[in-house]
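J.: Quick mapping for you: the protein sequence lines, in order, are chains W and H.
The first sequence: position 49 = 49 (the UniProt record's numbering), numbered continuously.
The second sequence: position 308 = 308 (the UniProt record's numbering), numbered continuously.
No lab work stands behind these hints, which were simulated from the structure alone.
There could be a bad hint or two in this list.
Given that identical chains are not distinguished, each listed pair holds provided it fits within a single copy or across any two copies.
Within a straight-line C-alpha distance of at most 20 Å, the following computed SDA-like cross-link-like pairs (lysine to any residue) qualify [said to hold, decoys possible]:
no.: 1; residue 1: K233; residue 2: I15
no.: 2; residue 1: K233; residue 2: R327
no.: 3; residue 1: K233; residue 2: A16
no.: 4; residue 1: K233; residue 2: A29
no.: 5; residue 1: K233; residue 2: A157
no.: 6; residue 1: K233; residue 2: T306
no.: 7; residue 1: K233; residue 2: R308
no.: 8; residue 1: K233; residue 2: P9
no.: 9; residue 1: K233; residue 2: R31
Values in this document were obtained by computation on a predicted structure and should not be read as measured data.
2 protein chains.
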Amino acid sequence: MARPDLPRPTEDELIARYFAPLAGPGGLALRDDAALLAPRPGHDLVLTTDAVVAGVHYFPDDPPASVACKALGVNLSDLAAKGAEPRGFLLTLALADDWDEAWIAGFCTGLSEAAALSSCPLLGGDTVRSGGPTLVGITALGEVPAGRMVRRPTAAAGDRLLVSGTIGDAALGLALRRRPAPAWAAALPLPARASLVDRYLHPRPRLALAGALGRHARAAMDVSDGLVGDLAKMMRAAHLSAEVEVAAVPLSEAARAALALDPGLLDAALTGGDDYEILCAVPPGAVAGILGEAGDAGVPLTAIGTVREGGGAPTFRMPDGQPRTFRTGSFSHF
Amino acid sequence: MARPDLPRPTEDELIARYFAPLAGPGGLALRDDAALLAPRPGHDLVLTTDAVVAGVHYFPDDPPASVACKALGVNLSDLAAKGAEPRGFLLTLALADDWDEAWIAGFCTGLSEAAALSSCPLLGGDTVRSGGPTLVGITALGEVPAGRMVRRPTAAAGDRLLVSGTIGDAALGLALRRRPAPAWAAALPLPARASLVDRYLHPRPRLALAGALGRHARAAMDVSDGLVGDLAKMMRAAHLSAEVEVAAVPLSEAARAALALDPGLLDAALTGGDDYEILCAVPPGAVAGILGEAGDAGVPLTAIGTVREGGGAPTFRMPDGQPRTFRTGSFSHF
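Model the full structure from these sequences, guided by the hints.
T.: Printed below as a string of structure tokens:
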């Protein structure tokens, strides 16, 4: 991507030109050694860090604005799952040797939009040579009322399991990004293809659900490594199991169209990564409450199953009552 | 470094075996999507993030425990300069494809020691494939009494400039790590060589000075990119200049021995990076106070010059009164 004939800005110039305009008040215009954050009294801070790497978590030719959207989004998704409201983030940008200014400009445009949309300003960062592919590392900070972070391992038997939005779109979008394109791609209408690829490129962290999770959910996590694997993780942490109705798992129209062309894609949809939806365990008496609040917040939320006693892997039941097993337990970026 | 005949642990196994034992209470045993930090009432959080990359910031064959010490140390040094007390850190470990378990084990031993020494527990992290050299990214969090973070751009004309410890050791240590070794290396006694290399490998963040800085310093930063360049940065931020007595800049016995062999090494000593000492601007009336407290804390602190009106580059004056210019303004890892 580099055009060696163009002089590239220095690190100080990059900061002044592209990053300082993104800085919130606590970022001190990125001109100090550190940033400042004064948490609201009576609140706990929630901290999460996730990195995305070119060629590992995204395609090197993904639009830089989309890379920024994903890098921030995967972190904000963790905050949302914990019931936290974003307060800001720190950025580590480790650049491949062939970076150019146009990439940085596009990246910062995407970062600025994603940060504004979630009221999560840039607080500070570090820019280094990666010596390999570009890596974008983000540490995001959020706040919850003291003692109210929604935990992952705290589900109880009898809790209903709910997921936000739709599952599997990003995994199908990833398949569509690969070359050669899968056999079913050509038969899928263009709008459906576009919508699946968009879900892969642009996570939509469910921050609007954070408050309702804090009030109603007994446990929650974000679905980032596939519903099957992530549910198994949540149940293992609670020393419990679960039963899920496969037909209840919410699928988008585009995903349904793809599955109609190739029913085997159910594996990809339920075990692929990058959904960035919320999986939560809610006491039966609180289900109506959280569904109502999610509806008010404009976030679809669907009951897909129930937490059960026992420690085995969760059972996914098909409409005929038969259990369905999945090829891979979980997707790993590692 | 990989031995492909040995099976490597999975990410979950790495976390359970090596990282979870390092986690503080807020780290929730690294088994949740996020960490939790409850700042003390009446305190602000200070946040900093810095990454080190193999082949860029350290030698790929540096001992893994030293890499960990450096990765955490460079961040703690920023906290110290801001007058902050460490509360915890998040780790992004982006591993080269040839990582092996022995490297991780050594890295975690060093990280554990450095974290314990500074009461700065691991709160969370992310492990990914780097697709290139190993990168260690750390975000460190500290606390200051509300409104008391020591800023970088707030020096005033007439303030005395002080630095902690000794300057230039790490830059000379870096020169000794390079192959072929510099001409002066052979004439330098082994203990001096060992001490300089140790300063390069193992930053000693001046956390013991944090409280005194908060009480007495008008401005501070850590010296990470060379004294000459970092002082220029601090003065530029304040729209001021400075005058420094070169003879007053504190040098270790080992550095003095090296400079006696090759006086030209003064450039490397004063412009090389990785000192991780503190540079601060202190009102004349507060100098006795901060010197006293630094002495009580066991941290050497030396007055080297004075902040002056005007916006030009700081003047470094030799014992004969002549100004001395330096080859490079600042060391950059970028």
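J.: Now tell me, hint by hint, if it's right for this structure.
T.: Verification of the hints:
In the homo-oligomer, the alpha carbons of K233 and I15 lie at most 20 Å apart only across protomers (14 Å), although the nearest pairing inside one protomer, at 40 Å, exceeds that limit. When the C-alpha separation of K233 and R327 is checked against a cutoff of 20 Å, the pair qualifies only within one copy, where the shortest distance is 16 Å, while the shortest distance between copies is 56 Å. Within a single copy, K233 and A16 get their C-alpha atoms only as close as 43 Å, which misses the 20 Å cut-off; across copies the closest is 14 Å, which meets it. Proximity of K233 and A29 under a CA criterion of 20 Å is satisfied inter-copy only: 14 Å between copies versus 40 Å inside one chain copy.
When the C-alpha separation of K233 and A157 is checked against a cutoff of 20 Å, the pair qualifies only within one copy, where the shortest distance is 15 Å, while the shortest distance between copies is 59 Å. Taking the closest pair of Cα atoms, K233 and T306 come within 20 Å of each other only inside a single copy of the chain (15 Å); across copies the shortest separation is 59 Å, beyond that limit. In this assembly of identical chains, the alpha carbons of K233 and R308 lie at most 20 Å apart only when taken from the same copy (14 Å versus 61 Å across copies). With identical chains, the CA atoms of K233 and P9 are at most 20 Å apart between copies only, with a shortest distance of 18 Å across copies and 45 Å within one.
In the homo-oligomer, the alpha carbons of K233 and R31 lie at most 20 Å apart only across protomers (10 Å), although the nearest pairing inside one protomer, at 41 Å, exceeds that limit.
Checked against the numbered hints given earlier, this structure breaks none of them.
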